[in-house]
Amino acid sequence: MRIGDRIFKILAVFSSLIIVGLVIGLFIELLVTSIPSIKKFGIKFIIDTVWDPVAEKFGALPAIYGTLVTSLISLLISFPISIGIAIFLSELSPPFFRRTLSFIIELLGAVPSLIYGMWGLFTLSPLIQLKVGPFLQNILGFLPFFQGYPTGVGYLNAGVVLSIMIIPTISSLSREVFMAVPMDQREAGYALGMTKWEVIRKVVLGNAKSGIFAAGILGLGRALGEAVAVTMVIGNFYNISVSLFSPGVTITSVIINEFVEAVGGLKISALIELALILFIITFFVMGFARYYILRRIENK
Amino acid sequence: MNYRRRKTTNYIMLGICIAAFFIGAIFLFWILGDVFLKGIKYINWKLFVELPKPPGIPEGGFGNAILGTFILTILASIIGIPIGIMAGVYVTEYGSGKLAWWTKFLTEILSSFPTIIIGIFIYILIVVPMKTFSALSGGIALSIIMLPVIAKSTEESIKMIPVSVREASYALGVPKWRTILRIVIPSAGSGIVTGIMMSIARIMGETAPLLFTSLNNNYWSYKLNEPIGSLTVLIFNYATSPYEDWRNMAWAAALILVFIVLILNIIAHIYTGKREKR
Amino acid sequence: MKRILILVLILLLVTNVKAAMLLNGAGATFPYPLYARWFYDFEKISGIKVNYQPIGSGAGIQQIQAGTVDFGASDSPLPGKDQQASNLIMIPSVAGGIAIVYNIPGVGKGLKLSREVIADIFLGKIKTWDDPKITSLNPNMKIPKINITVVRRSDGSGTTDIFTHFLSLVSPEWKEKVGAGTSVNWITGIGGRGNMGVAGYIKNIVGTIGYLELTYAVQNNLPYAMVKNKAGNFVYPEIPNIEAALENFPVQKDFYVYPIDAKGKDSYPISGYTFLLIRKNQGNLEKAKALISLVNWIYKEGDKTAKDLYYVPLPQKVKSMALERLKELNYQGKPIH
Chain F
1 MRIGDRIFKI
11 LAVFSSLIIV
21 GLVIGLFIEL
31 LVTSIPSIKK
41 FGIKFIIDTV
51 WDPVAEKFGA
61 LPAIYGTLVT
71 SLISLLISFP
81 ISIGIAIFLS
91 ELSPPFFRRT
101 LSFIIELLGA
111 VPSLIYGMWG
121 LFTLSPLIQL
131 KVGPFLQNIL
141 GFLPFFQGYP
151 TGVGYLNAGV
161 VLSIMIIPTI
171 SSLSREVFMA
181 VPMDQREAGY
191 ALGMTKWEVI
201 RKVVLGNAKS
211 GIFAAGILGL
221 GRALGEAVAV
231 TMVIGNFYNI
241 SVSLFSPGVT
251 ITSVIINEFV
261 EAVGGLKISA
271 LIELALILFI
281 ITFFVMGFAR
291 YYILRRIENK
Chain W
1 MNYRRRKTTN
11 YIMLGICIAA
21 FFIGAIFLFW
31 ILGDVFLKGI
41 KYINWKLFVE
51 LPKPPGIPEG
61 GFGNAILGTF
71 ILTILASIIG
81 IPIGIMAGVY
91 VTEYGSGKLA
101 WWTKFLTEIL
111 SSFPTIIIGI
121 FIYILIVVPM
131 KTFSALSGGI
141 ALSIIMLPVI
151 AKSTEESIKM
161 IPVSVREASY
171 ALGVPKWRTI
181 LRIVIPSAGS
191 GIVTGIMMSI
201 ARIMGETAPL
211 LFTSLNNNYW
221 SYKLNEPIGS
231 LTVLIFNYAT
241 SPYEDWRNMA
251 WAAALILVFI
261 VLILNIIAHI
271 YTGKREKR
Chain H
1 MKRILILVLI
11 LLLVTNVKAA
21 MLLNGAGATF
31 PYPLYARWFY
41 DFEKISGIKV
51 NYQPIGSGAG
61 IQQIQAGTVD
71 FGASDSPLPG
81 KDQQASNLIM
91 IPSVAGGIAI
101 VYNIPGVGKG
111 LKLSREVIAD
121 IFLGKIKTWD
131 DPKITSLNPN
141 MKIPKINITV
151 VRRSDGSGTT
161 DIFTHFLSLV
171 SPEWKEKVGA
181 GTSVNWITGI
191 GGRGNMGVAG
201 YIKNIVGTIG
211 YLELTYAVQN
221 NLPYAMVKNK
231 AGNFVYPEIP
241 NIEAALENFP
251 VQKDFYVYPI
261 DAKGKDSYPI
271 SGYTFLLIRK
281 NQGNLEKAKA
291 LISLVNWIYK
301 EGDKTAKDLY
311 YVPLPQKVKS
321 MALERLKELN
331 YQGKPIH
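Chains as they are written, first to last, in the working numbering: chain F, 1 to 300; chain W, 1 to 278; chain H, 1 to 337.
Just so you know, the hints here were simulated from the structure itself, not pulled from any lab data. Among these hints, one or two may not hold up.
Mimicking DSSO-like on lysine-lysine, the simulated pairs with C-alpha atoms at most 30 Å apart in a straight line are [as the list claims (entries may be wrong)]:
hint : chain 1 : residue 1 : chain 2 : residue 2
1    : F       : Lys131    : H       : Lys127
2    : W       : Lys223    : H       : Lys127
3    : H       : Lys81     : W       : Lys53
4    : W       : Lys53     : H       : Lys289
5    : H       : Lys2      : F       : Lys9
6    : H       : Lys327    : H       : Lys304
7    : W       : Lys159    : W       : Lys98
8    : F       : Lys131    : H       : Lys145
9    : H       : Lys263    : H       : Lys175
10   : H       : Lys127    : F       : Lys40
11   : H       : Lys307    : W       : Lys53
12   : F       : Lys9      : W       : Lys159
13   : F       : Lys9      : W       : Lys176
14   : W       : Lys7      : F       : Lys209
15   : H       : Lys230    : H       : Lys125
16   : W       : Lys131    : H       : Lys177
17   : F       : Lys209    : W       : Lys98
18   : H       : Lys230    : W       : Lys223
19   : W       : Lys38     : H       : Lys203
20   : H       : Lys81     : H       : Lys287
21   : W       : Lys98     : F       : Lys9
22   : W       : Lys53     : H       : Lys319
23   : W       : Lys131    : H       : Lys289
24   : F       : Lys57     : H       : Lys125
25   : H       : Lys319    : F       : Lys131
26   : F       : Lys44     : H       : Lys175
27   : H       : Lys300    : W       : Lys53
So here's chain F without its partners, still in its complex pose (with noise of 0.2 Å):
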């Protein structure tokens, strides 16, 4: 007995060394390909606006810009409408429905990025330029956010895409966490009297907190991430703007709009700074989410 448990921990402990040893060797590979693009530029290259392959001038602000703008948006659109699917489902919907829409919606993650960055650039594209963008401009274009025409591609559609394409992965995974919870506990609420929502915020919720967050976080991980499907809807100039409307650039846009076609020893290595700055920025903010947040709502 002994021995099948210490040869199970050594597995157990081998399979997270592996995902820690990946994550140290991409960051080592990262840093080591970076190391010409930093030794040239420096720090100017987090806040220079201007990436010139030709006079080979790189610089990544509009791109860091455009990635935290695009996911930001993605993340308020699908996290809020992911939860409610997943309370939908968990909580509300007859048997036979759940077991059916959620195998439809674990399905739509199967659809290739690529299909999405279709979607978005035919049918969401001129809906924000003919119908959405003019109608938010008349309520909100006050606001410096709505203003500038819309011409459909830009920050907004690669934010709606974005969050259309990390909804299966919030949803699937708050549900099965929501599912998990004992129906004893929510049955001692029902007893206590309280209203089913009560039950769901303080029962239901209560307890996935932690599912919850992590469901978050993974749906964050994959929006920032994303490259095929971006690259299509976001127009790709490499600029800074606060208008929704306007186009811009992502990290990853400007990775796969580039490296294939990379020939120059200095430019692969902007492009993976790039993409080391991205791991920087991944860092902090999941850092500080797990730091501050996790154990906020785990504590209260």
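Please build the complex by placing chains W and H on the supplied structure of chain F, with the hints as guidance.
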């Protein structure tokens, strides 16, 4: 009075949940519907058995890409599922220290890595030394993408199991490893399977990492040390081509891809049995 | 379930049977449809399979340098000294033309544009279609007053490389402000992903102008402009005009050439070659012979299908020069035959 307010809140919030569901569902079904409508017109049995034909030559199919996607997915799963589950097990059953915290944190970081970078990483690590693109490198790249999702789902599902279940098992004298294998993991089964299905769906839809590892192949191929075809790269090449019949085939391929995931989903749920809790 | 898995594993491991010869190539996206056709036909007569993947010219160069493929393909020529440094030979396979496409209501094929006007449009200096610089060239056309939206590529590409070399040649201002390359710091415009992305924007947005490989313009039924050439004539980006440009442009041995703004009354000014890259020192005699027979077949039999698909075959003298270059291939130090 207080009760009335609570009741109203109740109805409003439930209404919001249902509305959220419908909003989400509309978008999701919209996209699925698009794929379905655009692809169904061009589905025929030839797609499964024939090889791709160049423009100007009619018909043709992508049976090799379908096979390739299967092989890559199986490869990735063989590597990714056990490691992912065991990592999830580690952080819940064995970890209370630094390694567990770092594993959890780095798993989240890994999940956000642009898949193209993972592809490049494996390119440097495996493709260049092997001096060839290969199905093996593609499978490995995909398994890395699978790992965080499976590990996280496993972790969260196991967390939801009441401590009492384990303690009952220990009380009966069952050793820890047996408890985990026979009781904990199966109890978390539905969640773990969901995690696995999500990650399989995810990797079946990935293009970028394959471009640097398994490349693609226009011919039937199953050897692990040669480039292998895949539906996603095919869709990528065809959808961005100037030829209408290629673009139509791209939609058909996308539909087939989703269909395959559907079937795998069904099989997985039948196999693990439906967990009836209500 | 476990048994099925084991069976699959065994199947995978056991299938190491000797298969027919397979050549792997990767790179340029522009010639991909033509290569697909050529290699399909080639397999029929030779039994040799050629697996070509359009991962991009830069990637193609990277891969042939890394030795992971048997040949690379690039829309941008690699300079002679780089070829030497990596021990590669570079030969053109086929050529093409870049059409200037647009979406102007009421205006069909044949809008006349001079080289300077094109440069000024892409520099953002000409902002509306009814600008006198454009209307003066087209007195018989009714051009509406709408804004010009420039569409260019968001991804790096050989098409961009050729087009920006053209712009740099005809406009000193362009050369100074932007320059030439597979990917440049565009002054204006929205970026479409790939030739298809550009075609999509042109089709869907009114007032756009963009540059596309001829194949894509034709397949998408997009109207293209007549461009004024060096001799002063307005010509279409059509096969005879591109062939004229190629005939009139001297080619050197290392093939580092951009046949832009060629002399000759019929020459189309924005033309370009696409190239194959092969290792000089071959490690496998069978594969080397296969490569040589592939190139020979392309030059001998490939012209007709090229034209069918709107690509432009190489002039005979270019083919001869290329075949000479091919003789530099060697296996273990000895030339191959």
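Taking the hints in turn, this is what the structure says about them:
1. Lys131(F) <-> Lys127(H): holds, 26 Å
2. Lys223(W) <-> Lys127(H): violated, 56 Å
3. Lys81(H) <-> Lys53(W): Not satisfied, since the Cα-Cα distance of roughly 38 Å exceeds 30 Å.
4. Lys53(W) <-> Lys289(H): holds, 25 Å
5. Lys2(H) <-> Lys9(F): Between Lys2(H) and Lys9(F) the Cα gap is close to 23 Å, so the pair holds against 30 Å.
6. Lys327(H) <-> Lys304(H): Holds, because 25 Å separates the two Cα atoms, which is no more than 30 Å.
7. Lys159(W) <-> Lys98(W): Distance of about 18 Å is within 30 Å: holds.
8. Lys131(F) <-> Lys145(H): holds, 24 Å
9. Lys263(H) <-> Lys175(H): Roughly 21 Å between the alpha carbons, so the hint for Lys263(H) and Lys175(H) holds.
10. Lys127(H) <-> Lys40(F): At roughly 37 Å apart (the allowed maximum being 30 Å), Lys40(F) and Lys127(H) break the hint.
11. Lys307(H) <-> Lys53(W): This hinted pair holds, its Cα atoms lying about 18 Å apart.
12. Lys9(F) <-> Lys159(W): Given pair Lys9(F), Lys159(W) holds - Cα atoms ~18 Å apart, limit 30 Å.
13. Lys9(F) <-> Lys176(W): holds, 9 Å
14. Lys7(W) <-> Lys209(F): This hinted pair holds, its Cα atoms lying about 24 Å apart.
15. Lys230(H) <-> Lys125(H): Since the Cα atoms of Lys230(H) and Lys125(H) sit roughly 22 Å apart, the hinted pair holds (cutoff 30 Å).
16. Lys131(W) <-> Lys177(H): Violated, because 41 Å separates the two Cα atoms, which is more than 30 Å.
17. Lys209(F) <-> Lys98(W): OK: Lys209(F) and Lys98(W) at ~22 Å, within 30 Å.
18. Lys230(H) <-> Lys223(W): Between Lys230(H) and Lys223(W) the Cα gap is close to 54 Å, so the pair fails against 30 Å, i.e. violated.
19. Lys38(W) <-> Lys203(H): Distance of about 19 Å is within 30 Å: holds.
20. Lys81(H) <-> Lys287(H): Answer holds: Lys81(H) to Lys287(H) is near 26 Å, not above 30 Å.
21. Lys98(W) <-> Lys9(F): holds, 16 Å
22. Lys53(W) <-> Lys319(H): Given pair Lys53(W), Lys319(H) holds - Cα atoms ~27 Å apart, limit 30 Å.
23. Lys131(W) <-> Lys289(H): Since the Cα atoms of Lys131(W) and Lys289(H) sit roughly 20 Å apart, the hinted pair holds (cutoff 30 Å).
24. Lys57(F) <-> Lys125(H): Roughly 24 Å separates the two Cα atoms, so the pair holds.
25. Lys319(H) <-> Lys131(F): violated, 55 Å
26. Lys44(F) <-> Lys175(H): holds, 26 Å
27. Lys300(H) <-> Lys53(W): holds, 22 Å
In terms of the numbered hints stated before, the structure departs from hints 2, 3, 10, 16, 18, 25, listed from lowest to highest.
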